[in-house]
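Trainee: Residues per chain, in single letters:
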Amino acid sequence: MFRQKLAACAAAALLTMTGLPGLDGPNDLNARAGEMTNVAITYIVDHPAIDAARKGVVDELAEAGYKEGETLTLHVQSAQGSMPTQLQIAKKFAGMRPDLLVAISTPSAQALQSAADGKIPIVFSAVTDPVGSKLVKSMEAPGGNITGTSDRQPFGPTLKLIKQLVPKAKKLGVIYNAGEANSVAQVEALKAALADYGLELEESTASQTAMVGDAALSLAGRADVILIPTDSTVVAAIESVVNVGRKAKVPVFASDTDSVKRGALAALGFDYYKLGRLTGKMAVRILKGESPAEIPVGVLDTQDLYLNKTSAAAMGVEVPGDLLETATKVIE
Amino acid sequence: MSALAISGALEAGLLFSLVALGVYLSFRVLNFPDLTVDGSFPLGAAATAVAIVNGMNPFLATVVGMFAGGAAGLVSGILNVRFRILNLLAGILTMVALYSINLRVMGRPNISLYGETTIFTPFETLLDFGIWTNCVVLLVIALAMKFLVDWFLSTQIGLALRASGENPVMARAQSVGNARMTMIGITLSNALVGLAGSLFAQSQGVADVSMGIGTIVTGLAALIIGETLLGSIKVAWATLGCLIGAVLYRFFIAAALNAGFLGIEAQDLNLVTAVVVAVAVVLSQARRNSRFRLWPALRRAFAAPQPQKG
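These protein sequence lines are chains W and B, in that order. Note that numbering that gives the first Met the number 0 has the first sequence beginning at 0, numbered continuously upward. Note that numbering that gives the first Met the number 0 has the second sequence beginning at 0, numbered continuously upward.
Be aware that one or more of the hints could be misleading.
[As the list claims (entries may be wrong)] Chain B side only, calculated, beta carbon under 7 Å to chain W, not exhaustive:
1) A4
2) N109
3) S153
No wet-lab data here; the hints were simulated from the structure. Where a beta carbon is used, it is the ideal one built from N, C-alpha and C, also for glycine.
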């Protein structure tokens, strides 16, 4: 008896959740009266940078008049690190036929591109190499029904900052996840830029967050200074790198400003929130009728300087006064 | 749910039914808890993606992916049998190593197959089932593999394999080479998983080094859900259970994705999925208990020992 009752309950619950579309909104969103704009956002994993970008998109939409609950219906879904789930979310969103799809991260953008098949406009964010991942034909003219923003940033200014703060540095250590397309692209760019600043590269990789501490320790003897790219695996455990840096007196530089709040010495980076705002601006243009094919891939041209005074002292670095004055933010 | 969402769940389910079949061979038939799967799934995808990008025929590329998966399984088998490394650790070692190997195979962490000719491309014009084309192709492949596994386990080697997993001491007494059986079984199991990875990359349009995360968990969940519904004694039912369990698991996730009206947000997805699967396992236990007959077992357990007659 118990078994049958349980089976009936489970079946009923499943039917309610999958079979009755009315509870979660209509299947085909365009079939509903046109006064609400529908935007669906998906991302591969829950991560501070991705969250910041998502918030930026939503805030920008709100500022442009697309307020959630008033004129905008927002659908947000995270794949929680699973590619098969990302496929399902992409198909689900494509099946809803919203006015715009937003993908944050490379795999999410690729999944949406496959599922929407050119029929629904897509805006992506936080994709380092949009051309290499076949999302767009070129940065200037995407060509398809998809465009977005890239988080690729020039390393020149950061290397200049490192030379300015640690003039004696010869070996630059970098920790990244070799399994992340974004990070590999950044390290390639870094290699190309290093020679101009008289620096040599020392690499250390971590495939999981739990391995970041060991990767940092392995650099302690080899590198004079450590630079962390915008790598989601390493940034998630930035504290363990900071710890090693403080103990071994190796200055730790980051590429995103949030890491400075968490203990990195300095970063000339952009805010993923600002990248999200830029993505949001492109989203608004598409919602107003522009074709993604002709909107060039956006990159942030401003880099904010964040400094952490406590870490500077702990890592044995003296920060010149003029640098403190030009900094966007100084963390005591 | 829209038709496209249903097709997505069905597609992912049928893909993972191949993983479930592989996991059935290792965990159930061979009694070998093999974790290689998390590495052989992306390996199958990587090998196929590289082959396709370099202009190989997609059918041949799929076979390459399948063989690559099988080779990974063979490594785990050899580690276990020849070097006497505990089966669990042998699988873990191969899985860990495969992360780097997959990066080597692809030369980069992510290869897009968008716009390339895949195994599904010819059927798009041939079958013309619209969004259901991939599902139909995958259903045929999954059923073919199910019957192939059924048939294999009824052959001389297959029976020896089952005996070896069920009772290695007895199997050895019947002159079954347990070592050889382990290697054959784990190779076949991972070939199925490699095939799943290969097909996943082609249907999804991307091979990514991190796509293997949680493959074993999904495969096991599918296997257990299948056993809940169909039982696990007869091979034909157990393999059918793999197919149904895998598809149901994806529908559980689809259900969790549609649970927004319960106040559930994006970050709660995995929790909701776990709860739904937990209900399925509770069902499994209720079923087992009904067959188990609690009372006679308890009476036997607590009965006074019968005096031995001299």
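Trainee: Would the hint on B:S153 stand, with a C-beta cut-off of 7 Å toward chain W?
Mentor: violated, 31 Å
Trainee: Report holds or violated for the interface hint on B:N109, using the least CB-CB distance to chain W and a cut-off of 7 Å.
Mentor: holds, 4 Å
Trainee: Can B:A4 be said to touch chain W, with a Cβ gap under 7 Å?
Mentor: holds, 4 Å
Comparing the model with each numbered hint stated earlier shows that hint 3 is the single one that does not hold.
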